[in-house]
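*Asks:* We have chain A; now place chains B and C onto it with these hints.
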Amino acid sequence: MPTVSMTVNGKPVTGDVEARTLLVQFLRENLRLTGTHVGCDTSQCGACVIHIDGIAAKSCTTLALQCEGAKVTTIEGLAEANGPLHPMQEAFREHHGLQCGYCTPGMIMAALDIVRRRGNDLDDHTIREQLDGNICRCTGYHNIVKAIKAGAKAMAPGGASRQAAE
Amino acid sequence: MYNFTFHRPTTVRQAAGLLARNPEAKLLAGGHSLLPVMKQRLANPPALVDLSLVEGMSGVELKGRSVVIGAMTRHADVANSKVLQEAMPGLAMVPGSIGDPQVRNRGTIGGSIANNDPNADYPAACLGLGATIVTNKRRIAADDFFTGMFSTALEEGEIIVKVMFPIAKKCAYEKFKHPASGFALVGVFVSKRGPDIRVAVTGAGSNGVFRVKSFEEALKKRFAAKSIEGMTIPATGMNTDIHASAEYRAHLVGVLARRALAKAAA
Amino acid sequence: MSATGIGAAVRRKEDFRFITGKGQYTDDVVRPGETRAVFVRSPHAHAKIAKIDASAAKTMPGVVAVLTGADLAGDKIGNLICGWMIHSKDGTPMKMAPHPALASGKVNHVGDAVAVVVAETLGQARDAAEKVKVDYEVLPAVVNPAKAKSGTQIHEIAPKNTIYEWSLGDAKATDAAFANAKHVTKLDIVNNRLAPIAMEPRAALAEYDAGTDQLTLWNTTQNPHVSRLVIAAFVGMAPEHKLRVIAPDVGGGFGSKIFIYPEEVVCLWAARKVRRPVKWTSDRMEAFLTDAHGRDHVTHAELALDANGKILAMRVKTIANLGAYMSTFSSSVPTYLYATLLSGQYDIPQIYCEVDAVYTNTVPVDAYRGAGRPEATFVVERLVEVAARELGLEPPELRKRNFVKSFPHQTPVIMAYDAGDYNASLKKAMEIGDVKGFNKRKRESARNGKLRGIGYSTYIEACGLAPSQAAGSLGAGVGLWESAEVRVNPTGSVEVLTGSHSHGQGHETTFAQLVSQRLGIPIDNVSIVHGDTDKVQFGMGTYGSRSGAVGMSAIVKALDKVEAKAKKVAAFMLEAAEGDIEFKDGKFTVAGTDKSAAFGDVALNAYIAHKFTGAELEPGLKETSFYDPTNFTFPAGCHICEVEIDRETGKTDIVNWTAVDDFGTVINPMIVEGQVHGGIAQGVGQALLEGVVYDANGQLVTGSLMDYTMPRAHDLPSFNLGFTETKAPSNPLGIKGCGEAGAIAAPAAVINAITDALGTEQIAMPATANAVWSALQRATPRAAA
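Chains as they are written, first to last, in this note's numbering: chain A, 96 to 261; chain B, 956 to 1221; chain C, 2 to 786.
Isolated chain A (complex conformation):
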């Protein structure tokens, strides 16, 4: 069985995996990082979004072996243990941007990528267009849009909160 090594949430990890092992399986089953979810099998829903080398990707459409040597960040890696929440996490709670919580980790990871690409001052239209790869069945997106807008602002240099932990 091939061996794969990568850095996940700042920690080096190694595992023996079948070549067909998806990154999401590696994270959930080998590393027991179950915050990353699977909501579909056609790369549509975004429940599995994580960051590979700082860029958002769908871990259900990425092989673990493709991430050899990469830096992977999952929802579990956004806030340090016992540390404060990441401003985007805080914004989702403050603005009721989640209900059942299943899409939430992917939403937050996707939201951070929107900020990376589009900056801290986001309008509703941009957020809605840029959320194209993430499906939520509970919230009607209304509060997710609010949360991302506020979270992005809070992440701004000199904003209410510190920068991303990545």
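These are computed hints drawn from the structure, not numbers from a lab.
One thing to keep in mind: the hints can contain errors.
Distance condition first, Cα-Cα at most 20 Å in a straight line; then the derived PhoX-like pairs of lysine-lysine [said to hold, decoys possible]:
1) C/K132 / B/K994
2) B/K1218 / C/K451
3) C/K107 / C/K49
4) B/K1147 / B/K1175
5) C/K569 / C/K588
6) C/K148 / C/K96
7) B/K1132 / C/K652
8) A/K106 / C/K23
9) C/K161 / C/K148
10) C/K148 / C/K311
11) B/K1181 / B/K1168
12) C/K311 / C/K401
Given the structure is predicted, the values throughout are model-derived calculations rather than measurements.
*Replies:* Relative to chain A, chains B and C alone:
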């Protein structure tokens, strides 16, 4: 997904060698077409040859009167390329419209073209600009490259290395997204490069991407939406599914072509 | 109002684990020695199983067992059941066909489970499942519900594929009213079939402890106790006390996780057979094939009016597709959850409704957010809107003329509305939605080449399911009360065990708000415990917008008892008469004195029992209540939708949404608004985007998210919400329920807006761009006003 062996060559030559030794092997670029199909067990390659470590296959460059895009360049990187934005913003509209942000972060131009999904966006840009697809073996004109649904002129062991797009002064892409999949329900790319006028359509035809000669002819007088006002194409040969009938797709070809022309003029 | 009490927008207590990735959903639970199950499913909609050959699969690497329907029958595992009896007009009981967890001799829909492979890993189980060879003799499939009666008979018990032919109301009186009508509006309506698509796919993990003969099931369920009851009492898997069902974090339900499905039964059975934990997790494509779908009605509806636009009567005939088997509550959805709401917000003297429920070779259909009430609202609100247009009246005006204005109001279809103010919600919605400015906006749209339309939906729903006696008289196999147990710890912190189940609704917060306010203790000192049959004694779960109205009422009743007992304890502590003890803001005081004891001190004294003897008072502070409501609740409101349509492409954009709802008492406005947002999104999805499609052979065309359109962020606007309030008189808090309102109201509002813009009533759901464009080719749009 069935299991397979996984290879990560660092040169095109090594990749070609691996393909030669594993005739059933598939190339893995961004993986956003291949992996979903493998997950459904609709494809069963015994080996995958991952091109991500191959040097020199990524990037957008200006070379003479062409924009050259490495086959492994991700959609997001093409869409955001300063070089492309300045040289030919109309082409940047294409990768910018593919899938969703995460897909654009991983998917590549080479993967998209080699797969030739009948609803994919890049084939319209290639055909609509008269691009040249450069492989490890030869150069193939876009007009000869796309040979039907999921079918291309690529031969066994052939690897797309880059795609050369001649710079058109006026060009644009207009897409009507499939509401569920994000692919093109219909997408139309229009361009004018000197006397060469092209209108290429993806998503609509049951045999993949095609050019609309009647529109191109009408646009010779003047490259503007007005020149094809009221024009449409026959519904025969158009796809029909639950999201769009053949008649509707044919109608959209006209609408989107006019909108693309308006954008190209802007 | 305190910062954390009733009415406060308290941030959710449950959120921390979800935003940090620490939620525990069923698939996140791992048991030692766990195996994985993969089902072999029918590729045919209707076929006889000639032969199953599992020999090759059994020799595949990692395979632990391959089990079939014959094995299941051999072990005397019983069938799944539908728990609500409906009788036909002629008095005969509904025709419930056998539903084995693994097909026995015959498959009845694509995806019907034929065998299960249990293996060490998921990959191995999938590899082996492909090697199970099943020979089928394909039979003609019945797909279209409107033609089901003339199709090939699917079940021996059900001639003409008819489950029941049911009716409600007075046919003769209704016909007489129609005979006297000045105007009759007629509509043919298809209520499109939907896939619920909770983002967390269904999953089941079963474990057997041979030492204690105990089975445990972790399951994506909205009602673990009902699940345990059915699996114990009807399926006969194990005695109820030997089966524990745990619903950990559940990622959305919308009805689809109420039902008892074959997969959890098979996992339990297999776990006991192989003596190892067995886990099954659905993938999305499997979910499309196996999760119960919703809606799927074909209806002809008529509305009779007099010359003044007063409604005289309504006549409705519906064919309801229940799919291949009768799912757990399927029979009740198109009958008592549907026809009973056909009076809408209106005073309608006569209503007659016939419903024929049929089998088809499609996946079972059961309750999906709203369950029957969206279908009813769509019929009523389309009829009223079209009638107004035909009579040349403004749609709000026709509504006003017919609103129920005095309460209680007995409708001709069972329901007795107890409180509401329908004019108030309409008026407020028209203000918030700036209806006055609509014509100006329509002209602006026209200048941009767009058609603009406005549509109303003044809906009503019956929630707070349900008074047990009423439900029982209508055929329910269970009572629909709810339970609560309030455990006060010696240190004064409180655990509330509830039979309600939260899968996104935020009970851990709202229920704690109630307890915190009532006992005068910090909200952080309250924990809500739910979703485990070993912890909570019994409960009916969450659906039908019942958790506030019924679940919280049970907590109120238990808190009443806690307070009464605590007063006794306080009386001993404060050396006063029990009748002189008052309780307020977390403090027990002796009336007219300054003697007092804090709630925490009283709790401690209840347990140390130093101030009283066991003969005087039992130690401890823990009370249980079973609350059975006295009536349904009747949330109602007005939604106004504005659309813009691209003339050239037919694409519809929702540009404005106003919702004014009357949910009675609101515990947490932030959470209630979230429920409304989500409901509207699902209703808009039904109207514009979603629709399950089977082809003529019963193959599922919309089998993945590549084909089935889910609403995405850019398909929706932000919503303008408002509230009116009339308290529900039937429960102590005055709560009506809010979970389903949006999904009930929205489809009619959208279609009324689109038809307003198009000038034709002929548009089916989902109103895709193609469908709207086609309608535009047929219609002459009304001129911009």
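*Asks:* Within a Cα-Cα threshold of 20 Å, do B/K1147 and B/K1175 meet the stated pairing?
*Replies:* At roughly 9 Å apart (the allowed maximum being 20 Å), B/K1175 and B/K1147 satisfy the hint.
*Asks:* For the pair we were handed, C/K569 and C/K588, check the Cα-Cα distance against 20 Å.
*Replies:* holds (14 Å)
*Asks:* Does the alpha-carbon distance linking B/K1181 and B/K1168 stay inside the 20 Å limit?
*Replies:* Within the cut-off at roughly 16 Å; holds.
*Asks:* Under the criterion that the straight-line Cα-Cα distance not exceed 20 Å, is the pair C/K132, B/K994 satisfied?
*Replies:* holds (17 Å)
*Asks:* Decide if the proposed pair is consistent with the structure: C/K148 and C/K311, CA atoms, cutoff 20 Å inclusive.
*Replies:* violated (36 Å)
*Asks:* Compare the distance between the alpha carbons of C/K311 and C/K401 with 20 Å, and conclude whether the hinted pair is satisfied.
*Replies:* holds (10 Å)
*Asks:* Can the restraint linking C/K161 and C/K148 be considered satisfied, given a maximum Cα separation of 20 Å?
*Replies:* Roughly 10 Å between the alpha carbons, so the hint for C/K161 and C/K148 holds.
*Asks:* Straight-line Cα separation of C/K107 and C/K49 no greater than 20 Å?
*Replies:* holds (4 Å)
*Asks:* For C/K148 and C/K96, compute the direct alpha-carbon distance and say whether it is at most 20 Å.
*Replies:* holds (18 Å)
*Asks:* Given the hinted pair B/K1218 and C/K451, is their alpha-carbon gap at most 20 Å?
*Replies:* holds (19 Å)
*Asks:* Does C/K23 lie within 20 Å of A/K106 when you go C-alpha to C-alpha?
*Replies:* holds (18 Å)
*Asks:* Taking 20 Å as the top limit, are the C-alpha atoms of B/K1132 and C/K652 close enough?
*Replies:* holds (11 Å)
In this structure, only the earlier hint numbered 10 is contradicted, and the remaining ones agree with it.
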